[in-house]
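With the hints as your guide, set chain W onto chain H.
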Amino acid sequence: MSTRFASDRGLTVRMVMTMFLLGLLYVVFVGALIALGVRALGVLLIAGGMLLVQYFLSDRIALFAMGGREVSPQEAPALHGLIDRLCAMADMPKPRVAIADSDVPNAFATGRDRQHSVVCVTTGILRRLEPRELEGVLAHELSHVAHRDVAVMTIASFLGILAGLMTRFALYSGLGRSRDSNQGGLPIGLIVMLVSIAVYAVSFLLTRALSRYRELAADRAGALLTQQPSVLASALVKVSGEMARIPTRDLREAEPFNAFYFAPALAPGKALAQLFSTHPPLERRLENLEKISAQLGKG
Amino acid sequence: MGWLDVILGRSKPVRPNLDALFALPSAAVTLQAATGLAPTGVGSVSFRAAEGSAFATLSADVKALLGDRVEETRDEYGYSWLVVRRDPDAVGDLVTELHAVNSSLEGAGFGPSLLCSLVSFADPQQRRLAVVYLYKRGTFYPFVPLPGHTRDTALELQVRGVLAGELRIEEDLGRWFPVWGAPGL
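These protein sequence lines are chains H and W, in that order. Heads up, the first sequence is in my numbering, so the first residue is 26 and it goes up one at a time. Heads up, the second sequence is in my numbering, so the first residue is 274 and it goes up one at a time.
These aren't lab readings, by the way, just hints derived from the structure by calculation. Positions of the beta carbon are idealized from the N, C-alpha and C atoms, including for glycine. Careful, some of the hints might be misleading.
[What the hints assert, rightly or not] Computed, partial: chain H to chain W, Cβ under 10 angstroms:
(1) T37
(2) C112
(3) M114
(4) M117
(5) R173
(6) A246
Bound conformation, chain H alone:
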């Protein structure tokens, strides 16, 4: 039986490359720590603990931070109806549904797996988008759930947390104090700190790149689910356009949660370089959707 839903090979290859580099970096970093004789076990435990907390409480943390409130089918019948149908089409269990009272037009999905996931939309996005566009946004978020992006990104960012902790640890506990008096070169603490900083910087760039690829993958899967890539594109244009016009105070508050967002909330004027962004630029995403639209239209 034929299908019109081809996967994007180029995207897959780039994603695998990024993950491979992250893994490689991880191995090199742990190797360097052991070679330098740092008692890395304690740090590893702390970082592991943080990872577990983040992993298991991701849904509650994000909902609490965004002021999201879970809603029942009676409270928001239209929203539930859209999600019911999308889940039936994608054959996935229905996530919990929440609404956050914020004028920033956005949506996010969080939770470690399909059984513990929440999809949250803001009142701002409910007010601004047509039902069909909202459906596109929800399909994008459900794809994040299906791809288990919270789990993947939490694990990917583990190295960054570890390196960050090591930097602080080295700074407080032994900077400039050499363990061996006969060692002529730099003190061990300083070397550990420099290595950690370098690892942190590289892993930061890699996780950001990974996040951008996951966004493109979610756009793709979402568009294939609703079969309306152009509607998702129009939702993106609308949301990004509105983003620029929202007062900055709200936006600055929102920035730490960008990784889970449908579109990034960057305050105008301080837009970071492409390399540091969690989301691909609008043009890249539109181009991606255009390709899918052409694929679906082929007779």
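Positioned in the frame of chain H, the structure of chain W alone reads:
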């Protein structure tokens, strides 16, 4: 979805299971005997229309094939419904027709667009029930709408018991989503 798909961030569109529909005619007899709900002869197929000319051509073809035996409607969620009407006694005929619609959609590569199929029942007390078929799961569930967007859960559960031996009933009650305003209900 396997682990590899999770890591690569891709989801495969789910293929529908079409053949389970043929269990409906005998289930209809059982349902009527147990609850008095008789088939109304109305069935429908719900799908998501894809953008672009390929799908437009296809749906024109399906309509040409089935002639004026089907009518098309759109619901408030943007899904298309092809409604098939037959003699209330000819449930087998109705199911064959629904299957024809499904297989044309799937044959053209739009199987993942199928949402669900409905066959409706009614009794002299004006109770209405739909047996909903979920393509992606290959399972059925009963849906009984009441006025004011509520549903008769007691009757639904009673029907679940009646049909359990005949059809594969959806076990996860969370997936029994309400199809408000479905045509033919």
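Going through the hints against the structure:
{"no.": "1", "hint": "T37", "in the structure": "holds (5 angstroms)"}
{"no.": "2", "hint": "C112", "in the structure": "holds (7 angstroms)"}
{"no.": "3", "hint": "M114", "in the structure": "holds (6 angstroms)"}
{"no.": "4", "hint": "M117", "in the structure": "holds (9 angstroms)"}
{"no.": "5", "hint": "R173", "in the structure": "holds (5 angstroms)"}
{"no.": "6", "hint": "A246", "in the structure": "holds (5 angstroms)"}
Comparing the model with each earlier hint shows no violations; every hint is respected.
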